[in-house]
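Heads up: the protein sequence lines correspond to chains A and B, in order. Taking UniProt numbering, the leading residue of the first sequence gets 1, the next gets one more, and so forth. Taking UniProt numbering, the leading residue of the second sequence gets 1, the next gets one more, and so forth.
The set of hints was computed from the structure by calculation and includes no laboratory data. A hint or two may mislead.
Any copy will do: because identical chains look the same in the list, a pair fits if it lies in one copy or spans two.
Mimicking BS3-like on lysine-lysine, the simulated pairs with C-alpha atoms at most 30 Å apart in a straight line are [what the hints assert, rightly or not]:
{"id": "1", "residue 1": "Lys-148", "residue 2": "Lys-83"}
{"id": "2", "residue 1": "Lys-405", "residue 2": "Lys-395"}
{"id": "3", "residue 1": "Lys-216", "residue 2": "Lys-146"}
{"id": "4", "residue 1": "Lys-403", "residue 2": "Lys-327"}
{"id": "5", "residue 1": "Lys-216", "residue 2": "Lys-145"}
{"id": "6", "residue 1": "Lys-380", "residue 2": "Lys-216"}
2 protein chains.
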Amino acid sequence: MHSNALIFIQDLAVIMLIAGLMTILCHRFRQPVVLGYIVVGMIVGPHTPPFSFIQDNNTIQTLAELGVIFLMFSLGLEFNLRKLSKVGKAASFATFLEIILMTALGYWLGRFFQWNHADSIFLGAMLAISSTTIILKALEELGMKKKKFAQLIFGILILEDIFAIAILALLSTISITGSMHAEDFIITLGKLGTFLVVSLFLGILIIPRLLTYIAKFNNREMLLISVLGICFGFCLLVIKLGYSVALGAFIIGAIMAESRQLQVIETLIMPLRDMFSAIFFVSVGLMFDPNVFITHFYPIIGITVAVILGKVISSSLGILITGKSGKTAMRVGLGLAQIGEFSFIIATLGITLNVTSSFLYPIAVSVSAITTLLTPYLIKHSDSISNGISFVVPKFMSTAFDKYKNWLNAHHAKTNTNLDRYKFFNLIQIIINLFIVMGIFLIFAYLLGTPWGDFLLSISNHYIQKAILWALALIVSLPFLIAAYRKIKFLCLLLTELNIKDDKTGLKLKWHKIIAELIPIFSLISIMLFVSALSISILPPLELLIMISIVVTIIIALLYNWFIKLHSRLKDIFLETFQNHDNEKSE
Amino acid sequence: MHSNALIFIQDLAVIMLIAGLMTILCHRFRQPVVLGYIVVGMIVGPHTPPFSFIQDNNTIQTLAELGVIFLMFSLGLEFNLRKLSKVGKAASFATFLEIILMTALGYWLGRFFQWNHADSIFLGAMLAISSTTIILKALEELGMKKKKFAQLIFGILILEDIFAIAILALLSTISITGSMHAEDFIITLGKLGTFLVVSLFLGILIIPRLLTYIAKFNNREMLLISVLGICFGFCLLVIKLGYSVALGAFIIGAIMAESRQLQVIETLIMPLRDMFSAIFFVSVGLMFDPNVFITHFYPIIGITVAVILGKVISSSLGILITGKSGKTAMRVGLGLAQIGEFSFIIATLGITLNVTSSFLYPIAVSVSAITTLLTPYLIKHSDSISNGISFVVPKFMSTAFDKYKNWLNAHHAKTNTNLDRYKFFNLIQIIINLFIVMGIFLIFAYLLGTPWGDFLLSISNHYIQKAILWALALIVSLPFLIAAYRKIKFLCLLLTELNIKDDKTGLKLKWHKIIAELIPIFSLISIMLFVSALSISILPPLELLIMISIVVTIIIALLYNWFIKLHSRLKDIFLETFQNHDNEKSE
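Modelling step: build the complete structure from the supplied sequences, incorporating the hints.
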């Protein structure tokens with residue numbers, strides 16, 4: 001045996017042996033296992049006496065990275081787009097409010113403790129997202145998973161996942177550029193959106209079909225190895241694009257969640273996730289230095305109080321504003337009052353990007369440990385807590401709230417929600433199509449510098465190279481552009497029709513029709529200007545652009561119907577995946 | 001992300017992506033996946049153009065080590081002691097013959113190619129064991145798993161596993177001591193036997209009960225982490241005792257195979273095994289240098305022919321001698337005609353112990369690849385091959401063989417097999433008890449040097465220290481010694497009774513009885529002498545020994561019946577595990 005392999009087996013043996021004992025202890029005393037793993041890390045780690053049991057920290061950290069991948073991949077498998085569409089307004093609003101407030105609160109707390117900008121920003125991000133693992137475990141153990149407020153919590157957790165993804169991408173960018181202006185912010189979010197839409201679109205088009213093909217062989221080893229191949233391959237792509245591996249694992253998980261093999265994949269991935277996430281949480285404990293707990297005692301207590309009060313207030317408020325009862329709002333708020341695995345992933349990101357101070361990690365671990373320990377008690381006693389609060393709240397406030405609720409419910413009854421949904425879905429389709437167009441142009445712009453581009457264009461004239469690439473990008477995106485144009489036109493017509501009801505004069509009717517024709521054309525032109533700005537690196541000079549426009553106009557004239565058919569075919573294939581899935585479920 | 005973690009993810013992504021593609025290709029063209037993985041290793045490896053895709057070979061090798069652990073652990077889970085007791089005489093004899101012949105053939109082939117001793121010995125070991133993975137896959141794909149000859153093959157594979165364990169232990173010893181005399185050989189096997197019996201005895205007493213306790217929590221994560229903790233912990237113990245990690249993983253697997261949670265454990269371990277064994281086989285391919293194939297072309301062809309002819313002839317002969325038909329013998333022989341994962345594990349052992357030449361690994365890979373490719377065809381065409389052979393064999397030989405078969409069957413009918421089995425099981429029990437006694441003395445001898453021993457004995461006089469340790473070891477082993485003594489006595493009586501039938505004179509009867517009394521006492525004395533030799537490091541001087549003997553004799557006189565009860569209680573607990581298991585199965 002290699003001496004380093006021997007050391008590795010020894011480290012792993014120590015970790016798994018103590019972790020095994022710890023899982024038994026945790027279940028015996030009804031504490032979350034995650035906390036147990038972190039304690040294991042502290043015990044075997046270098047900061048606690050008598051000595052470090054771990055000799056090759058590097059290999060353990062590498063395996064912990066696998067833990068992050070499998071953890072985020074499983075989270076992605078559990079997250080899916082259909083669930084997302086079912087998240088209600090209450091959860092959406094509460095999530096939005098909670099994340100904005102907690103990020104700001106975290107940042108200002110950091111500044112208050114006189115930490116630098118980067119540490120404060122990372123603290124804000126760490127406090128934003130609650131821990132799915134710990135909430136799930138607590139609700140399971142209390143037998144409250146099926147309750148109505150638990151459904152609200154799950155809705156919030158799903159939306160938090162999306163924010164988490166955005167936060168991961170933003171933090172990477174901030175760390176690389178050093179700061180974040182409004183325009184950077186928009187560009188980063190634009191790129192992230194394009195990347196998400198293109199990869200989800202292509203992924204859902206290809207991956208579930210591929211997995212169904214592989215599943216036909218009826219061989220579990222083959223399915224597992226293929227799933228792992230796709231997962232790691234996608235993570236690699238995502239890393240190359242400058243995003244974190246956690247983001248990649250989550251997205252590919254969300255894509256595979258749309259495949260019909262979801263259940264088998266979950267069963268196959270579970271042992272891998274359990275083993276490596278255990279190692280990840282142990283590695284979190286390894287980084288914990290008890291001295292930090294003593295030297296940073298006040299920040300830890302301050303942040304813990306901020307997490308509990310901040311989360312309870314912000315999410316309860318969000319739920320209250322959307323018209324739910326005070327009891328439900330309190331239950332949701334108290335359930336979300338902790339931080340967990342995601343904070344560790346962000347802390348790891350900060351350390352590996354080398355932008356945060358070393359004390360941030362142990363602080364995150366301490367705060368997470370305390371809030372995790374409190375979670376089950378907070379959920380269990382949420383009703384008595386909310387009773388206590390209602391006792392304190394002045395009479396006029398609760399009366400005002402009741403009036404607000406009644407007004408809200410009356411307003412809800414009035415609005416034509418079905419039509420609203422329809423408009424909303426049309427808007428979503430327009431946005432998706434436009435993101436795909438952006439993606440196509442960005443990919444073609446990327447091709448210019450690569451061997452692929454050189455291979456495609458063995459032409460000496462640089463302008464003509466660009467013109468061909470740009471024209472190709474335009475032609476490839478035509479089906480999506482045309483679809484977007486038609487959707488916009490349709491939406492305008494719909495809005496016009498609705499307004500006509502209120503207004504009987506012929507003159508206004510005529511104007512409405514003109515507007516309904518003009519808006520789509522104007523929006524298409526502004527979209528093309530935006531796309532041109534994005535693809536500036538392959539934008540040919542004006543003369544060539546005009547030539548391309550003429551050629552493309554002819555192509556559109558000739559093939560307009562074919563493009564529409566192609567797009568609707570693509571859409572059908574895309575939606576088929578979801579329908580197949582639903583059929584599968586209902587069978 | 002750490003730069004080394006990035007490299008690691010990249011390596012893993014490349015391996016898993018190509019491995020995923022390869023599994024699909026292998027299934028499409030009906031080739032074993034194992035072969036596909038090795039080809040993946042060759043493609044991404046450093047020896048093939050254009051360049052090495054793998055940047056951090058070290059981490060991949062470490063993960064490959066995990067592959068060996070999970071592979072051997074699953075093999076252990078599939079192997080179990082009940083299956084072992086059902087292996088027939090035909091399979092036992094064939095295995096014995098095949099392993100002796102193939103090891104010798106391999107050694108002499110190595111010497112013929114003018115390789116050094118170590119390389120030749122490792123070559124012999126590599127050729128001895130056939131590949132369970134490849135045979136299982138081939139039989140499955142041909143739909144022959146339920147056939148009678150397949151059952152014979154499985155019997156042989158189970159016994160080969162035991163030999164493999166012995167070979168692994170012997171090779172480690174040879175490599176450390178540099179050579180192997182007859183007495184080393186016996187001591188190594190004695191120690192291995194003691195270790196196996198003690199760990200199986202204690203393991204089966206403790207582990208299944210522990211797992212049943214853990215399974216009560218009905219939490220898969222907990223069970224998995226505990227199983228992994230026990231597995232890695234045991235591997236660590238085994239490494240510390242100087243054996244290979246492969247041996248440890250196999251034994252702990254075999255112990256867990258006796259637990260009632262076997263099926264759940266198999267489901268949980270399968271994904272881990274599949275992922276890491278894929279990495280292991282890829283790492284085998286990584287080590288393959290095509291240049292070796294060219295420079296060692298003749299040895300490779302020679303060894304391949306030797307494997308196929310040697311295995312077919314030796315195992316067919318074994319099966320034939322035990323009286324099976326020529327067709328069955330041929331089918332078994334042709335099924336076993338390949339080498340596989342075990343040869344790679346032995347080759348890895350040779351490299352890591354730094355005793356074999358670098359060319360041995362690629363040769364093993366080449367021979368395994370060729371013989372693996374041939375296996376399905378050999379099995380498929382075994383009947384026509386055996387028909388062809390029977391055509392060539394002279395008439396008088398087949399007549400002689402038929403006569404032999406008839407004589408054998410007649411002989412079988414005569415012997416009192418039930419009584420034979422009974423005697424056999426008594427003998428096994430005696431041997432197990434004696435091994436346990438040896439184990440107890442070795443453990444106490446080991447205690448002397450450790451802090452535990454110092455803690456136990458804060459006595460200044462070295463002789464009294466030894467005396468106390470030796471006396472404790474003796475007292476602890478009393479139940480087993482008494483049981484062994486009673487079994488020997490019983491066996492002697494049984495044999496005497498049987499002989500009396502043939503002989504009616506009173507004088508001989510009396511002598512018989514005396515012998516039946518004396519033999520057990522003599523054997524006990526010789527056992528104690530042997531045990532004293534083993535525990536020489538804690539053997540006190542004669543005066544103290546006599547004192548201990550007097551004390552122990554008094555203890556025996558007082559507690560004789562209690563010791564017998566204790567032993568029978570232990571035996572009951574031990575056997576309960578098996579019975580529980582059988583009940584579970586039959587439910």
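Hint-by-hint comparison with the structure:
With identical chains, the CA atoms of Lys-148 and Lys-83 are at most 30 Å apart within one copy only, with a shortest distance of 16 Å there and 52 Å across copies. In the homo-oligomer, the alpha carbons of Lys-405 and Lys-395 lie at most 30 Å apart inside one protomer (16 Å), although the nearest pairing across protomers, at 103 Å, exceeds that limit. When the C-alpha separation of Lys-216 and Lys-146 is checked against a cutoff of 30 Å, the pair qualifies only between copies, where the shortest distance is 24 Å, while the shortest distance within a copy is 35 Å. Taking the shortest alpha-carbon separations for Lys-403 and Lys-327, only the intra-copy value of 17 Å comes in at or below 30 Å, while the best inter-copy value is 92 Å.
Only between protomers do Lys-216 and Lys-145 lie at most 30 Å apart by alpha-carbon distance; the minimum there is 22 Å, versus 35 Å within a single protomer. For the identical chains of this complex, Lys-380 and Lys-216 are inter-copy neighbours only, at 25 Å across copies versus 47 Å inside a copy, given an alpha-carbon limit of 30 Å.
In terms of the numbered hints stated before, the structure departs from none.
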